[in-house]
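Novice: From first to last, the protein sequence lines are chains A and B. For the first sequence, this note's numbering gives the first residue as 1245, with consecutive numbering after it. For the second sequence, this note's numbering gives the first residue as 228, with consecutive numbering after it.
Just so you know, these hints were derived from the structure itself, not from any lab. All values derive from a computational prediction rather than experimental measurement. We put the CB at the ideal spot given by N, CA and C, even for glycine. Be careful, since some hints might not be right.
Calculated cross-link-like contacts (lysine-lysine; reagent style DSBU-like; alpha-carbon spacing at most 30 Å) [stated by the list, open to error]:
id: 1; chain 1: A; residue 1: K1258; chain 2: B; residue 2: K312
id: 2; chain 1: B; residue 1: K312; chain 2: B; residue 2: K323
id: 3; chain 1: B; residue 1: K323; chain 2: A; residue 2: K1258
id: 4; chain 1: A; residue 1: K1375; chain 2: B; residue 2: K312
Restraint ranges, calculated between C-beta atoms of paired labels, are given here [as the list claims (entries may be wrong)]:
id: 5; chain 1: B; residue 1: G409; chain 2: A; residue 2: P1278; range: 55 to 65 Å
id: 6; chain 1: A; residue 1: G1379; chain 2: B; residue 2: T475; range: 23 to 33 Å
id: 7; chain 1: B; residue 1: R233; chain 2: A; residue 2: G1369; range: 23 to 33 Å
id: 8; chain 1: A; residue 1: A1417; chain 2: B; residue 2: A352; range: 51 to 61 Å
id: 9; chain 1: A; residue 1: D1274; chain 2: B; residue 2: T475; range: 28 to 38 Å
id: 10; chain 1: A; residue 1: S1382; chain 2: B; residue 2: D479; range: 28 to 38 Å
id: 11; chain 1: A; residue 1: A1544; chain 2: B; residue 2: D479; range: 21 to 31 Å
id: 12; chain 1: A; residue 1: G1290; chain 2: B; residue 2: L458; range: 43 to 53 Å
id: 13; chain 1: A; residue 1: A1308; chain 2: B; residue 2: R233; range: 53 to 63 Å
id: 14; chain 1: A; residue 1: R1376; chain 2: B; residue 2: F473; range: 53 to 63 Å
id: 15; chain 1: A; residue 1: G1369; chain 2: B; residue 2: L369; range: 26 to 36 Å
id: 16; chain 1: A; residue 1: S1382; chain 2: B; residue 2: V402; range: 25 to 35 Å
id: 17; chain 1: A; residue 1: E1512; chain 2: B; residue 2: R478; range: 19 to 29 Å
id: 18; chain 1: A; residue 1: A1417; chain 2: B; residue 2: R233; range: 55 to 65 Å
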Amino acid sequence: MSAPSAPDAVIEVKGLTKHFGNVEAVRGLDFVVPRGRVTGFLGPNGAGKTTTLRMLLGLVAPNAGTATVLGRRYQDLDEPVRRVGAVLEATSFHPTRRARDHLRMLAVAAGIDERRVGEVLALVGLGDAAKRRVGGFSQGMRQRLELAGALLGQPDVLILDEPSNGLDPQGIAWLRQLLRYLASQGTTVLVSSHLLAEMAQTVDDVIIIAEGRLRAEGTIAELAGQGRSAMRARTPEPDRLVQVAQAAGFAPRRVAQDTVLVGGARPETLGPLLAQQRIVIYELTNEGTDLESIFLALTAPTPGSSPPVQATAPPFTPEEPR
Amino acid sequence: MIRLIRSELLKLRTTSSPWVLLIVTLLLTALGVITAFLIPNGNRVTFGAPTTIYRYRLLLGAGDTAVWMSAILGMLCVTGEYRHKVITTTLLVEPKRAYVLVAKSVASVLWGLILCASTFVMVAALGLPLLSAEGGSASILLHQAGAVVPGLFAAFAIIALFGVGFGTLVRNQVVGIVAVLGGSFILEPILDGLIPSVAKWLPSAAAGAVAGGLGTRADRAFLLSWWLGALVLAAWGIVPTVIGYFTTFTRDVT
Chain A
1245 MSAPSAPDAV
1255 IEVKGLTKHF
1265 GNVEAVRGLD
1275 FVVPRGRVTG
1285 FLGPNGAGKT
1295 TTLRMLLGLV
1305 APNAGTATVL
1315 GRRYQDLDEP
1325 VRRVGAVLEA
1335 TSFHPTRRAR
1345 DHLRMLAVAA
1355 GIDERRVGEV
1365 LALVGLGDAA
1375 KRRVGGFSQG
1385 MRQRLELAGA
1395 LLGQPDVLIL
1405 DEPSNGLDPQ
1415 GIAWLRQLLR
1425 YLASQGTTVL
1435 VSSHLLAEMA
1445 QTVDDVIIIA
1455 EGRLRAEGTI
1465 AELAGQGRSA
1475 MRARTPEPDR
1485 LVQVAQAAGF
1495 APRRVAQDTV
1505 LVGGARPETL
1515 GPLLAQQRIV
1525 IYELTNEGTD
1535 LESIFLALTA
1545 PTPGSSPPVQ
1555 ATAPPFTPEE
1565 PR
Chain B
228 MIRLIRSELL
238 KLRTTSSPWV
248 LLIVTLLLTA
258 LGVITAFLIP
268 NGNRVTFGAP
278 TTIYRYRLLL
288 GAGDTAVWMS
298 AILGMLCVTG
308 EYRHKVITTT
318 LLVEPKRAYV
328 LVAKSVASVL
338 WGLILCASTF
348 VMVAALGLPL
358 LSAEGGSASI
368 LLHQAGAVVP
378 GLFAAFAIIA
388 LFGVGFGTLV
398 RNQVVGIVAV
408 LGGSFILEPI
418 LDGLIPSVAK
428 WLPSAAAGAV
438 AGGLGTRADR
448 AFLLSWWLGA
458 LVLAAWGIVP
468 TVIGYFTTFT
478 RDVT
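Looking at chain A on its own, in the form it has when it is part of the complex (with noise of 0.2 Å):
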């Protein structure tokens, strides 16, 4: 390894690269993720997350770079299930087997108590279908299923696939509650997702990858900082709205027959200036922040090659007002 580690880093990737004959799936990748924080590892379908998560434990062997957790490739950990827990998308489970034998045959191999193997089917609400096959599980079981796997042996780190894929809403909230819990405690998480609005309220850090290459790294604030606020009007007249808006050096932009959004407003820019020109609005809603404008921006497809951007320099220059 060439640069000196970071002193709190769990995670570290360097220069790591992956093609699969011609596609390449990463390419030069560097991120660190540090102890004790939810990070969120974020990009588009295809942009290489589940590939660079997969070198990182040892699945897939890179054709350059390292990945390493907690100092060491994951297969030279001693007790990796110890230490690292993962919840892989593509897993999956013998259909006739029983719940509980799945997390049994894990607990043998990694020498963890059998007793541990009914806490976390606790843990993750499977307490119930514990002597159940898995071939009837739902999607969103076989997730909490994975979930138990991954905690089985109270690991210092998560490392968590899409973790999200096929839980439902109450599910998804129950997953926030459980990362932030987890994290409180001071296990370090990196949990990918190609939904950053899903992931906003989870995660402290985030790190965006599209095309295999790192696009932006930092805190969530910092990704809102350069972000716009925008407000969505519904009226009858909206190519004035249009028109008006401009004029005062916002960005409007046409999302439906009787809708606009207007870029860089805020409800005490946007609203004096209506009334002031006499534009009748049926609706005016607060966009708020616009996390996934920013996430759709840094994750465009570039062409030929572009060098990464950190969050804190911001990556692209929207249309602010004057």
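Position chain B relative to chain A; hints supplied.
Specialist: Same frame as chain A, but now just chain B:
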């Protein structure tokens, strides 16, 4: 390593396939027991006590065709994980893949021994009463145990290992089962009839050579000597596993 082996044994025990294979093994053995009592008599077949040492050995090793259930078991131990995507979880618990493959091999060999033991249970339960009813000699049967029993245990164990190696190579469960059954119950008997000089090097014939010259081979004179059979059988077990480890088992798991 002990923990991994225990985990693999638990995995096998908590799915249905090993139990299905155990039942099939018992049924094939029962069939083998009955066959041992069918004696060609002119152009008829009569049912009676074995008349030759070979037929006594045939009765004792009635489960020898079930040796392939042992191969299927070893194969399922590997391909089942790919089919149901449990391999990811397995490799997260033990990222050192060589250890995983060794644990799977040991667990499969142990199950192979269990399957083999079950054939002798069937021989005792069905064969001994039939033998005494037909006026055969139980002491001749027991006398032949030394020639048949250790060899058959060895065959079940090594063919299980062959299954692990073969499963590592094919990874696809359906293809694997079809290939094993096709190879052992169709291809080998055909070759056995047409070119026994080639067939004697195949696993079934090698297993027969180790287990006291068993088998329904057209010409048993073609069987290898027991020690050469043992070497050939061991090669059938070990070589695919080693090739499989270096070619497919260490590939990316995506």
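Novice: Return the numbers of the hints above that this structure violates; sort them in rising order.
Specialist: Violated: hints 13, 14, 15, 17 and 18.
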